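Going line by line, the protein sequences match chains C and P. Residues in the first sequence are numbered from 28 upward in steps of one, following this note's numbering. Residues in the second sequence are numbered from 2 upward in steps of one, following this note's numbering.
Since the hints were derived computationally from the structure, they do not count as laboratory data. These numbers come from a predicted model, not from an experiment. Just so you know, even glycine gets a beta-carbon here, dropped at the ideal spot from N, CA and C. There's no promise every hint is true.
To be verified - These stretches of chain P come out as covered by chain C in the derived footprint (C-beta under 8 Å, 3 or more residues):
| hint | region |
| --- | --- |
| 1 | 24 to 35 |
| 2 | 212 to 219 |
Said to hold, decoys possible - Pairwise CB distance ranges (calculated):
| hint | chain 1 | residue 1 | chain 2 | residue 2 | range |
| --- | --- | --- | --- | --- | --- |
| 3 | P | A419 | C | V201 | 38 to 48 Å |
| 4 | C | Y159 | P | A339 | 55 to 65 Å |
| 5 | P | G359 | C | I361 | 30 to 40 Å |
| 6 | P | A339 | C | N72 | 16 to 26 Å |
This is what each chain is made of:
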Amino acid sequence: MFYREAGDFKTSYTADSQTFPIKFDRYRYYVVLAVAFGIIPFIINDYWANALLLPFLIYAIAAIGLNILVGYCGQVSLGTGGFMAVGAYACYKLMTAFPDISMFIHVILAGGITAIVGVLFGLPSLRIKGFYLAVATLAAQFFLVWLFNRVPWFYNYSASGQINAPERDVFGIVITGPNAPAWATYLFCLIFVTVCAIVARNLTRGSTGRKWMAIRDMDIAAEIIGVNPLKAKLTAFAVSSFFVGVAGALFFAVYLGAVEVGEVFGIQKSFLVLFMVIIGGLGSIFGSFAGAAFLVLLPVVLKLIGVDLLGWPTDIVAHLNLVVVGALIIMFLILEPHGLAQLWRVAKEKLRLWPFPH
Amino acid sequence: MNKTLATMALSALMAAGPAMADLVIPDLSYRTGPFAAGGIPFSDGYNDYFTLLNERDGGIGGEPIRVIECETGYNTEKGVECYESTKGEGALVYQPLSTGITYQLIPKVTADGIPLHTMGYGRTSAANGKVFSNVFNYPANYWNGASGAVNHLLDINDGDLKGKTIALVYHNSAYGKEPIRTLEALSEKYGFELTLLPVDSPGQEQKSQWLQIRREKPDYVVLWGWGIMNQVAVQEAANIRYPMENFIGVWWSGAEFDVEPAGDKATGYKALTFTGLGDDYPVYDDLKKYVVDAGKTAGAGDQLGAVQYNRGLYAAMLAAEAIKTAQEMHGVTDITPAMMRDGMEALEITNAKMEGLGMAGFGPEFSVSCENHGGPGLVGVVQWDASTGTWNNIQDFKPTDGEVIGALINEDSAAYAAENNISERCE
Numbered sequence: 028m029f030y031r032e033a034g035d036f037k038t039s040y041t042a043d044s045q046t047f048p049i050k051f052d053r054y055r056y057y058v059v060l061a062v063a064f065g066i067i068p069f070i071i072n073d074y075w076a077n078a079l080l081l082p083f084l085i086y087a088i089a090a091i092g093l094n095i096l097v098g099y100c101g102q103v104s105l106g107t108g109g110f111m112a113v114g115a116y117a118c119y120k121l122m123t124a125f126p127d128i129s130m131f132i133h134v135i136l137a138g139g140i141t142a143i144v145g146v147l148f149g150l151p152s153l154r155i156k157g158f159y160l161a162v163a164t165l166a167a168q169f170f171l172v173w174l175f176n177r178v179p180w181f182y183n184y185s186a187s188g189q190i191n192a193p194e195r196d197v198f199g200i201v202i203t204g205p206n207a208p209a210w211a212t213y214l215f216c217l218i219f220v221t222v223c224a225i226v227a228r229n230l231t232r233g234s235t236g237r238k239w240m241a242i243r244d245m246d247i248a249a250e251i252i253g254v255n256p257l258k259a260k261l262t263a264f265a266v267s268s269f270f271v272g273v274a275g276a277l278f279f280a281v282y283l284g285a286v287e288v289g290e291v292f293g294i295q296k297s298f299l300v301l302f303m304v305i306i307g308g309l310g311s312i313f314g315s316f317a318g319a320a321f322l323v324l325l326p327v328v329l330k331l332i333g334v335d336l337l338g339w340p341t342d343i344v345a346h347l348n349l350v351v352v353g354a355l356i357i358m359f360l361i362l363e364p365h366g367l368a369q370l371w372r373v374a375k376e377k378l379r380l381w382p383f384p385h
Numbered sequence: 002m003n004k005t006l007a008t009m010a011l012s013a014l015m016a017a018g019p020a021m022a023d024l025v026i027p028d029l030s031y032r033t034g035p036f037a038a039g040g041i042p043f044s045d046g047y048n049d050y051f052t053l054l055n056e057r058d059g060g061i062g063g064e065p066i067r068v069i070e071c072e073t074g075y076n077t078e079k080g081v082e083c084y085e086s087t088k089g090e091g092a093l094v095y096q097p098l099s100t101g102i103t104y105q106l107i108p109k110v111t112a113d114g115i116p117l118h119t120m121g122y123g124r125t126s127a128a129n130g131k132v133f134s135n136v137f138n139y140p141a142n143y144w145n146g147a148s149g150a151v152n153h154l155l156d157i158n159d160g161d162l163k164g165k166t167i168a169l170v171y172h173n174s175a176y177g178k179e180p181i182r183t184l185e186a187l188s189e190k191y192g193f194e195l196t197l198l199p200v201d202s203p204g205q206e207q208k209s210q211w212l213q214i215r216r217e218k219p220d221y222v223v224l225w226g227w228g229i230m231n232q233v234a235v236q237e238a239a240n241i242r243y244p245m246e247n248f249i250g251v252w253w254s255g256a257e258f259d260v261e262p263a264g265d266k267a268t269g270y271k272a273l274t275f276t277g278l279g280d281d282y283p284v285y286d287d288l289k290k291y292v293v294d295a296g297k298t299a300g301a302g303d304q305l306g307a308v309q310y311n312r313g314l315y316a317a318m319l320a321a322e323a324i325k326t327a328q329e330m331h332g333v334t335d336i337t338p339a340m341m342r343d344g345m346e347a348l349e350i351t352n353a354k355m356e357g358l359g360m361a362g363f364g365p366e367f368s369v370s371c372e373n374h375g376g377p378g379l380v381g382v383v384q385w386d387a388s389t390g391t392w393n394n395i396q397d398f399k400p401t402d403g404e405v406i407g408a409l410i411n412e413d414s415a416a417y418a419a420e421n422n423i424s425e426r427c428e
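Please work from the sequences and hints to get the whole structure.
Spelled out as structure tokens, the structure:
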């Protein structure tokens with residue numbers, strides 16, 4: 028009844044091609060933004076920020092990045108953890124080398140450096156495809172982690188081999204370090220998420236995204252109709268790595284504060300982000316958010332229900348968590364291969380017809 | 002998005018439980034993952050001691066103790082989540098039993114004013130209380146361990162290590178890298194040659210490292226491992242027939258489960274220690290009576306007397322004594338984390354005190370001060386005997402090279418202070 032195009036007249040081409048063509052969707056989007064920017068910062072506390080919202084927002088950026096590469100361009104990558112590490116270490120080196128420069132610039136530059144590294148490791152994608160490419164990106168994952176562990180320059184010769192985020196601010200508000208207020212770190216990440224999502228959404232709707240999808244669906248046909256595979260694949264790697272690098276920089280500087288590369292950016296991280304993309308839905312920006320939310324919140328919710336509510340032993344709940352996540356991944360692959368985004372799409376289709384489904 | 006909000010509302014509802022008037026001790030344990038072998042007995046010991054105090058004495062100073070266990074899986078992200086979810090409950094002291102999580106928590110606890118006790122692990126230079134106001138690592142730290150191992154080697158070599166080679170097999174993480182600095186300084190001082198052999202976490206893959214040891218035949222091998230890495234290292238050493246009496250592990254590489262898989266071949270393996278061995282202490286009678294027989298053990302109740310169980314017990318005892326000290330200092334029983342910090346800084350452990358607790362000789366005598374958060378750094382050495390299945394004490398608690406370690410601690414903590422704009426306290 029409320030959710031339909033009827034009655035929402037578009038009088039210009041810009042209006043006709045907007046992201047949310049349905050009025051209800053548009054308002055819902057504004058409400059989400061208003062709540063995220065206008066209400067949550069005032070009620071947030073340390074637990075909400077550090078246990079739920081920051082990881083959700085940061086993983087959402089990483090998932091959007093990987094979704095561009097895997098979901099839109101069809102290039103399978105297992106190097107996400109390594110590229111996040113590039114972002115984190117680039118951010119660390121920049122933060123310590125130029126302490127007076129705003130964190131915004133550091134994070135964006137870290138993303139840029141990751142984009143260059145991503146393009147470098149994307150070069151093999153011109154010759155190899157599918158599983159073989161996955162293995163090539165796996166090499167990037169192991170190489171990058173080894174590099175950051177091996178070369179002391181990257182961690183400023185600290186005794187422990189860890190990198191620690193010093194206190195840095197944006198317009199006088201502390202963003203990193205232990206004294207950063209929860210609302211500031213949350214807003215900082217939220218701004219990045221919003222900008223990244225809007226950029227990604229518009230890239231994938233435009234000619235660049237169409238080229239990526241053409242390559243994904245059939246690269247030879249795409250080449251014949253005039254898509255340059257070199258450009259398409261490398262731009263996908265660059266944009267994807269940029270987002271992943273931004274996520275890595277935020278993950279280190281804002282969320283964790285101290286990072287040990289082998290543990291934090293190991294192969295598990297690559298798989299985790301890949302699971303987010305698969306569960307959320309390949310080739311969907313909303314899916315990236317849904318997947319990130321699902322995999323960040325699920326363990327916390329399971330823990331709250333199992334340990335705090337039912338009083339079960341912590342180890343049983345931790346094991347149960349593995350079982351549940353595994354079972355859900357299998358269930359999703361069988362029942363809904365297109366992920367949470369597809370459920371959302373189906374729901375929207377149903378809503379459009381409601382209350383007269385025939 | 003709706004799903005997200007619903008789950009967030011649910012979690013908020015549960016996170017906002019009322020703060021009860023008791024002594025809250027979070028236990029960031031790990032009973033899962035590749036390091037669970039060490040995490041389970043430690044956490045059991047830690048929990049059981051507080052259960053004993055609750056059952057026998059009704060808590061500390063009449064205040065019941067509430068232990069909140071939170072599973073970290075030795076993972077720093079989960080550690081942060083655990084910290085954030087428990088600190089609001091009035092947590093008095095954190096003991097994460099993980100160097101990685103410790104590094105994560107040092108700035109956070111300092112900002113939140115909660116003490117952090119990293120007994121025999123964590124950031125070594127936190128021993129300098131002038132810089133690290135809220136971090137304590139008494140009674141011994143990694144650099145005491147490194148020096149203790151070298152001192153033991155000096156003893157068996159009549160004080161001369163010139164021309165000898167020592168290989169360090171270490172967990173390639175902040176934990177394993179800690180002793181390198183000290184060993185390098187000591188190698189200069191005593192003229193031995195140091196080879197570094199990193200093992201990537203979790204440590205099941207050590208073939209190439211041990212191949213190198215087999216080829217280069219170092220005189221001594223020092224092991225800095227944890228969890229599954231120890232078992233693999235001892236097994237690999239047995240496989241290449243490395244003489245076990247020349248193989249020394251740090252205290253986290255010296256538990257029963259580390260050597261048992263290698264069977265008889267592990268006999269002779271040495272390890273450092275800063276706590277007592279076995280269950281031949283009066284406190285165990287009480288534990289049996291009030292905890293085990295009452296069916297109130299934290300775990301399966303099969304770890305009593307094990308090396309890491311004793312460490313958990315010892316850590317809990319030190320925390321309980323610090324609570325008592327804080328209660329006396331401030332004259333209230335329901336203490337705050339800030340009072341707990343004062344209590345830890347004024348903690349004094351004497352032989353008489355330990356005897357009163359039924360733990361005579363369990364650890365060294367020591368006192369903490371504003372400047373020194375690291376304790377005396379006394380290190381003993383034990384040796385494994387597979388035929389009896391016991392660790393035997395071969396060297397009592399002995400002091401370590403305070404001169405070398407003190408200089409390194411001052412250097413590292415000064416660097417930390419400069420990095421974070423901390424001015425020194427205690428003046």
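Where does the structure disagree with the numbered hints, that is, which hint numbers, in rising order? Going through the list in order, the structure violates hints 2, 3, 5 and respects the others.
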